[in-house]
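Colleague: Sequence:
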Amino acid sequence: MAVADTKRLQEFLVDKLASRTEVRHFTSSIVLEQLHTKALTAPQHLRPKRRRSR
Numbered sequence: 174m175a176v177a178d179t180k181r182l183q184e185f186l187v188d189k190l191a192s193r194t195e196v197r198h199f200t201s202s203i204v205l206e207q208l209h210t211k212a213l214t215a216p217q218h219l220r221p222k223r224r225r226s227r
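Quick note on this note's numbering: the sequence shown kicks off at 174 and runs consecutively.
In short, the hints are calculated from the structure, not lab data. Glycine residues also receive a C-beta, built at the ideal position from the N, C-alpha and C atoms. Among these hints, one or two may not hold up.
[Claimed, not checked] Okay, the calculated beta carbon distance ranges per label pair:
id, residue 1, residue 2, range
1, Gln217, Arg181, 46 to 54 Å
2, Val196, Leu219, 46 to 54 Å
3, Leu186, His218, 34 to 42 Å
4, Arg197, Val176, 15 to 23 Å
5, Thr194, Gln217, 43 to 51 Å
6, Thr179, Arg223, 40 to 48 Å
7, Leu219, Lys180, 34 to 42 Å
Model the full structure from these sequences, guided by the hints.
Modeller: Here is the structure:
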């Protein structure tokens, strides 16, 4: 899940998540900088071959 800022993160964690009876504990992480997005792209050898349209 992504939120706009740390205030929204706190609101979500305290007001929504922590108040649920089925949640016993949770951990959150904050990404300060995104260096690359290659993890979201399949490696070249696993990508489907494109067919040329006629």
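Colleague: Just pull the numbers of the violated hints for me, sorted ascending.
Modeller: 1 and 2
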